[in-house]
Amino acid sequence: DASTAFRTHPDWVYGLPELSSGQRVAIKGAKRVSNPGCHATAFILLVRPLVEAGLIPTDLALSVTSLTGYSGGGRSMIEEYESSNNPVLSAPRPYALTLTHKHLPEMVRHSGLITPPIFVPIVGPFYKGLTVTVSLSLAALAKKATAESLWATFSERYTEEMFVRVCPINDPGTLSNGFFNTQRCNDSNRAELFVFAHGSQALLMACIDNLGKGASGAAIQNMNLVLGCAESSGLTL
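Quick note: the sequence shown uses this note's numbering, first residue 18, plus one each step.
Source of the hints: derived by calculation from the structure; they are not laboratory data. Even for Gly, the Cβ is constructed at its ideal location relative to N, Cα and C. Mixed in with the good hints, there may be bad ones.
[What the hints assert, rightly or not] Label-pair distances were calculated between CB atoms; the ranges are:
hint, residue 1, residue 2, range
1, Glu-96, Ser-193, 27 to 33 angstroms
2, Asp-188, Ser-93, 36 to 42 angstroms
3, Ser-80, Ser-193, 24 to 30 angstroms
4, Thr-163, Ser-100, 48 to 54 angstroms
5, Glu-165, Ala-108, 33 to 39 angstroms
6, Leu-254, Pro-111, 28 to 34 angstroms
7, Lys-160, Gly-245, 39 to 45 angstroms
8, Ser-101, Glu-177, 43 to 49 angstroms
9, Gly-245, Ala-157, 40 to 46 angstroms
10, Ala-108, Gly-195, 16 to 22 angstroms
11, Ser-80, Ala-43, 43 to 49 angstroms
12, Ser-80, Gly-46, 34 to 40 angstroms
13, Ala-169, Ser-93, 41 to 47 angstroms
[What the hints assert, rightly or not] Here are the simulated SDA-like cross-link-like pairs (lysine to any residue), alpha carbons at most 20 angstroms apart as the crow flies:
hint, residue 1, residue 2
14, Lys-119, Ser-20
15, Lys-161, Gln-218
16, Lys-48, Gln-218
Can you make the complete structure from the sequences, with help from the hints?
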């Protein structure tokens with residue numbers, strides 16, 4: 018199922034194979050698999066390993082933004098952007114300012130948090146591509162966390178995951194003249210994770226194609242697991 022209806026339902030398996038060590042096996046044996054949301058996928062890949070490692074307290078209210086292409090809004094939003102000359106559409110537009118975005122329940126449930134993040138999604142004037150950013154004060158974390166320990170946790174957790182790449186910490190080579198490219202994972206089922214840090218502050222970033230790993234790519238990955246096919250069959254790394 019690709020809707021939000023069953024993403025926190027106890028009788029359905031959450032379709033994010035990289036969620037935990039046992040999730041892939043659970044998906045393989047499932048009769049009902051719920052495909053994750055795009056924002057939730059990127060957020061959970063960033064946060065869950067750090068919660069499990071005890072670096073992020075479960076009750077910490079995280080500040081999270083997500084910039085995504087307008088295809089994430091479905092057919093009506095695509096038509097709005099591609100058939101209108103409204104100048105409002107030429108700039109990024111934050112939405113869900115009621116702080117009740119439909120992905121929040123799964124973001125909390127599957128990240129291991131008990132406090133909902135303060136989540137601000139933003140639609141950009143481009144077709145696809147998504148980047149979730151989690152802003153952290155290292156002093157608010159547990160175990161005297163450092164940017165290096167955050168990065169090391171990602172690196173260890175995802176070392177065997179073919180669809181998740183952990184990029185070098187503070188690597189200017191991942192930027193273009195200092196700018197981050199939200200469309201860098203487009204046309205793939207890949208998720209790329211980043212840690213940028215200075216002093217006592219850190220930014221965690223996850224980039225995916227909202228129509229790939231954030232939607233149809235994830236569905237194909239799950240289908241492959243359920244059918245016993247090669248997990249990467251039909252997918253681009």
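So, going through the hints one by one against the coordinates:
1. The hinted window of 27 to 33 angstroms between Glu-96 and Ser-193 holds, with their beta carbons roughly 31 angstroms apart.
2. In this structure the supplied range 36 to 42 angstroms holds for Asp-188 paired with Ser-93, their Cβ-Cβ distance being about 38 angstroms.
3. Between Ser-80 and Ser-193 the beta carbon distance is about 25 angstroms. The supplied range of 24 to 30 angstroms therefore holds.
4. With their beta carbons about 49 angstroms apart, Thr-163 and Ser-100 fall inside the hinted range of 48 to 54 angstroms.
5. For Glu-165 and Ala-108, the Cβ-Cβ distance of about 37 angstroms falls inside the hinted range of 33 to 39 angstroms, so the restraint holds.
6. Evaluation of the 28 to 34 angstroms hint for Leu-254 and Pro-111 yields a pass: the beta carbon distance comes to about 32 angstroms.
7. In this structure the hint that Lys-160 and Gly-245 lie 39 to 45 angstroms apart at CB holds, the actual value being about 40 angstroms.
8. The hinted window of 43 to 49 angstroms between Ser-101 and Glu-177 holds, with their beta carbons roughly 45 angstroms apart.
9. Between Gly-245 and Ala-157 the CB atoms are about 44 angstroms apart, so this pair conforms to the stated range of 40 to 46 angstroms.
10. Roughly 21 angstroms separates the CB atoms of Ala-108 and Gly-195, a value that falls within the hinted 16 to 22 angstroms.
11. Range check, Ser-80 to Ala-43: Cβ separation about 31 angstroms, and the 43 to 49 angstroms hint is violated.
12. The beta-carbon spacing between Ser-80 and Gly-46, approximately 37 angstroms, falls within the hinted interval of 34 to 40 angstroms.
13. For Ala-169 paired with Ser-93, a C-beta distance near 43 angstroms keeps the hint of 41 to 47 angstroms intact.
14. Under the criterion of a C-alpha separation no larger than 20 angstroms, the hint pairing Lys-119 with Ser-20 is consistent with the structure, at around 10 angstroms.
15. Note on Lys-161 and Gln-218: the hinted pairing holds, with a Cα-Cα distance of about 13 angstroms set against a maximum of 20 angstroms.
16. For the proposed pair Lys-48 and Gln-218, the alpha carbon gap of about 43 angstroms is over 20 angstroms, so the pair is violated.
Consistency with the previously given hints fails for numbers 11 and 16, ordered from lowest to highest.
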